[in-house]
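*Asks:* For reference, the chains in residue letters:
Protein chains: 2
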Amino acid sequence: MNWLNLDKLQTFQELKEVEKVDLKSVMAGENGAERVKNYSVKMAEGLTYNYAAKAVDDKILKVLQKMADEAELIGKYEELYNGAVINTGEKRLVLHQLCRGQLGRDVVADGVNKRDFYLEQQRKIKEFADKVHNGEIVNEKGEKFTTVVQIGIGGSDLGPRAMYIALENWARRNNLLSMEAKFVSNVDPDDASAVLNSVDASRTMFVLVSKSGTTLETLTNESFVKEVLKKEGLDPAKHMVAVTSETSPLAKNEGYLNAFFMDDYIGGRYSSSSAVGGCVLSLAFTPEVFADFLKGAHESDLLAKEKDIFKNAAMLDALIGLYERNVLDFGTTAVLPYSQALSRFPAHLQQLDMESNGKSVNRFGEEMNYVTGPVLFGEPGTNGQHSFYQLLHQGKTIVPMQFVGFKHSQLHNDLVIKGTTSQAKLNANVAAQIVGYACGKEDENPNKRFDGNRPSSIIIGDELTPSALGALLAHFENKVMFQGFLWNVNSFDQEGVQLGKVLANRVLAHDVDGALKAYSDLFEI
Amino acid sequence: MNWLNLDKLQTFQELKEVEKVDLKSVMAGENGAERVKNYSVKMAEGLTYNYAAKAVDDKILKVLQKMADEAELIGKYEELYNGAVINTGEKRLVLHQLCRGQLGRDVVADGVNKRDFYLEQQRKIKEFADKVHNGEIVNEKGEKFTTVVQIGIGGSDLGPRAMYIALENWARRNNLLSMEAKFVSNVDPDDASAVLNSVDASRTMFVLVSKSGTTLETLTNESFVKEVLKKEGLDPAKHMVAVTSETSPLAKNEGYLNAFFMDDYIGGRYSSSSAVGGCVLSLAFTPEVFADFLKGAHESDLLAKEKDIFKNAAMLDALIGLYERNVLDFGTTAVLPYSQALSRFPAHLQQLDMESNGKSVNRFGEEMNYVTGPVLFGEPGTNGQHSFYQLLHQGKTIVPMQFVGFKHSQLHNDLVIKGTTSQAKLNANVAAQIVGYACGKEDENPNKRFDGNRPSSIIIGDELTPSALGALLAHFENKVMFQGFLWNVNSFDQEGVQLGKVLANRVLAHDVDGALKAYSDLFEI
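Chains A and B, in that order, are what the protein sequence lines are. Under numbering that gives the first Met the number 0, think of the first position of the first sequence as 0, with each following residue one higher. Under numbering that gives the first Met the number 0, think of the first position of the second sequence as 0, with each following residue one higher.
Because the hints were derived from the structure by calculation, they are not lab data. Where a beta carbon is used, it is the ideal one built from N, C-alpha and C, also for glycine. Fair warning: there could be bad hints in the mix.
[Said to hold, decoys possible] Chain A side only, calculated, beta carbon under 10 angstroms to chain B, not exhaustive:
#1 GLU29
#2 ASN220
#3 ALA340
#4 LEU351
#5 THR381
#6 GLY383
#7 ASN446
#8 GLU523
[Claimed, not checked] Not everything, but these chain B residues come out facing chain A in the computed CB check (under 7 angstroms):
#9 SER192
#10 PHE223
#11 LYS251
#12 THR331
#13 MET353
#14 VAL360
#15 GLY364
#16 HIS392
#17 ASN412
#18 GLU443
#19 LYS447
#20 PHE449
#21 ILE524
[To be verified] List time: in silico DSS-like cross-link candidates among lysine-lysine, alpha-carbon distance up to 27 angstroms:
#22 LYS123/A / LYS294/A
#23 LYS516/A / LYS19/B
#24 LYS90/A / LYS440/B
#25 LYS19/A / LYS516/B
#26 LYS36/A / LYS304/A
#27 LYS447/B / LYS7/A
#28 LYS23/B / LYS61/B
The whole structure should be built from the sequences, with the hints applied where relevant.
*Replies:* Next comes the structure, spelled out in structure tokens:
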């Protein structure tokens, strides 16, 4: 593959020169209706990516296709899933897709067929979860476990937490909520204390997640939990499993009921489909629910192999995002799910996107002359409409948006009020927002004027099921991967989190001077 | 007052011309330690605003003081609290500060002394909450109410919810958690269903919050709740109070146990200190806890009257933010509380800031030639460190940051692990981040290099108590107000939310064509 910087691509120059689209005018009238019908790509699990309200047209799309080809996006993806060292900084393979299915050749690393390794962890987790659910594994008093608490931070928290929240109601309705799940992440002692205050520790299974077995926050919170268990006369070793690497101090450790393994080839933010998400989600729901989630993700991964942008929503989404960032110069992007179940999905995408592509050097360590990953934020709609949408509609800064919506609710419990259901009201609102943002509205009173030309896309699904959620997650993972290829960055390391760790340890060791000593003094550390 | 556009201020030209500060060099060595000690402003309730790690120096601060004077910030604040029509768009007074204390002259509107009106609502709420707590007001079976559910959206949700979460643990430790609070906001039917599934409706008091009594989401969710109550053989009128305006259909309505009033002079995002926050927080905690919260906010309001920027943290924070937005050209800002209790505080500030100052026309309806409010986002630390901080440290875009931290935890339940408490670890991390962002780090490997020069400030308090929370909230409200004065926008209306409402109603009435019809079809509305 040619790993070229974005500004070395001929098509990037071409893209800058293509005539811009006036979104407001192309979305007006029947032309707009046609766009909505045509500018649509089928995704996995019945999802659809609609980009009618993005500032692109056939000419721009043609250049985007050429760019995908010139940047060899599909070839690079192929290298990735066939086991090349794509994470150049840490010299590692990148294998999260392999948790959900095999896309290419067998990948052998450290003398092991990695697909087999991931399947083996899934099998072990299923066996364990089944035993917890059917009462073969019980607490000291022989009672079933009712609650699972994940202790982890970053990718060991945000993804699995967002996935749990996304499926909790669906599982409840389908009698698949086996255990309630809670999460402890922050080193703030109030976090662990509050969660422990809210559960019956004697009937709680704790899942400790740390790849290295050395994460400050996670080990601190583990000690917190163990202290509480001991105070209640309980044996921590009967209440805790570890998800860690095979070489970590947590592996093969008698302090845990069981250990499930992850490896260096799946970064934290990509680990929801590994044992990191698998253990807590299989316990909270069932192993079969987790398997469905993986199935949906795998369907997305397969579609991401398509060279044709009109058959590959993740790649098209990536290219449009790049156009908005590097040609139209928009620095921020908003993810706006019209689904309360996805309330923490934007926080997960924030990590996924900003940690992957918030980089200033390319994969060879060279400075680049163009901007990379945008700031990403979001809250569920309709809530956001009554909040920050004001700036998105009438502010000085244009923020491209990515909506998500579903035809049906998860709990199937709805009421007709004034002739329409709540779900219809919810979806009428997202439709209205897309058109309002794109087309704006004239008004004599400038304070009530909407300029329009604010681009958005939407992913629409039937219902947020485990497989649809997997497909949605993998869509964004693959989008971020393709954008990383375009920017020529390594999307799979995170050196930017290291400095803080080092300095914090120096503060705790009182090995500081200058400003850091002065701040420590302010906090009386 | 002279309501001038920012670019008409002489000091704005001056500000653009003052030499920029190289944060990295001024924060190095003992000079940095001196800055940390000196660049600090006392706030209310023992809080401190420290801006040592902002890219300002004495020369820039001098211009900022001149700008505060030239823009007549204090005079405009005085007009506001003395009852001028500051909300020019809607021709309304702006009186949220008056809920917490009187800052100037008596304010009479609609023939009523408004301070008396707000105090009367507080008195009525206290009387009601006391009766609920002591068992004078009970359910159909004579049982005490154990739970309160607020039904509201936007400002009727984000602020009160963030405040409740902020104080829940503090109240628990101090035996002041009278009732558990939950919140229903989204029109997504899964939101109301999930909350209703999680409470015992027979022992729940619902607080319906809608100023106009016509908010789509809120009335829909009210119907949802009433349906459930009826199904359980309960009388909705015995389980529900309204917080609304005196002229709304919800006032003096037999469908509610009681009604507490708000008025047009307090916008949703400023309403946490009105009956909108007062009712749910007095019920969840006690009326006295809410009074302490107001006391802290009033202390902040009083300090905001100071003309000297070194005695007025809100004004200084506003001016530095403006410098970053309009001179240094940073488009986004992050709020990063090192306190799990403040987990939803950024979402509230996101509304407060972006809805107030996300405007493109000035208070006279004229287009402006400069940018206004930034995009604001945030998550609690240390969680964010393992997520989007990567981009903040090493991304191509500089994002100014606002940290918040406390010397002590709320639950006072901490453990010494490896020689330090969790609270010390938490605070060592925030100190480390500030210095890491400002000073960066050289490295032979460019991938491990940190350029530094990433500005941040911090607000430090002793402990997050009700009064400290009030002071913190009012700080940001006043900061946003001062920035609105500087940008010459009306920070108190939100016309940008109207278009969506109108279009959504047309979708529901099937009165649409073009793109909107096509999107409705995709959703099968």
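*Asks:* Go through the hint on HIS392/B and say holds or violated, using the shortest Cβ distance to chain A against 7 angstroms.
*Replies:* Cβ of HIS392/B sits 4 angstroms from chain A, so the hint holds.
*Asks:* Does the closest beta carbon of chain B sit nearer than 10 angstroms to the beta carbon of ASN446/A?
*Replies:* holds (5 angstroms)
*Asks:* So, as I understand it, the hint says ALA340/A touches chain B; can you test that by seeing if any CB pair is closer than 10 angstroms?
*Replies:* With Cβ-Cβ at 6 angstroms, under 10 angstroms, it holds.
*Asks:* Given a cut of 7 angstroms on the nearest C-beta pair, is the interface hint for GLU443/B held or broken against chain A?
*Replies:* Check failed: Cβ of GLU443/B comes no nearer than 10 angstroms to chain A, outside 7 angstroms.
*Asks:* Holds or violated: the hint that LYS251/B contacts chain A, with Cβ atoms closer than 7 angstroms.
*Replies:* Violated - the Cβ of LYS251/B stays beyond 7 angstroms from chain A, reaching only about 23 angstroms at its closest.
*Asks:* Would the hint linking LYS23/B and LYS61/B be met if the CA-CA limit is 27 angstroms?
*Replies:* Judged against 27 angstroms, a Cα distance of about 21 angstroms means the pair holds.
*Asks:* Using the nearest Cβ pair, does ILE524/B come within less than 7 angstroms of chain A?
*Replies:* At 5 angstroms from the nearest chain A Cβ, ILE524/B passes the 7 angstroms test, so the hint holds.
*Asks:* Quick check on the hint: PHE449/B CB to chain A CB, less than 7 angstroms?
*Replies:* PHE449/B check passes; min Cβ-Cβ to chain A is 5 angstroms, inside 7 angstroms.
*Asks:* Under 10 angstroms is the threshold here; is the Cβ of GLU523/A close enough to any Cβ of chain B for the hint to stand?
*Replies:* Interface hint status for GLU523/A: holds (6 angstroms vs cutoff 10 angstroms).
*Asks:* Run the distance test for LYS447/B versus LYS7/A: straight-line Cα separation, threshold 27 angstroms.
*Replies:* holds (24 angstroms)
*Asks:* When the nearest CB of chain A is found for SER192/B, is that gap smaller than 7 angstroms?
*Replies:* holds (4 angstroms)
*Asks:* Should the hint that VAL360/B touches chain A count as held when the rule is a Cβ pair under 7 angstroms?
*Replies:* Holds - the Cβ of VAL360/B comes within 7 angstroms of chain A, reaching about 5 angstroms at its closest.
In this structure, the earlier hints numbered 11 and 18 are contradicted, and the remaining ones agree with it.
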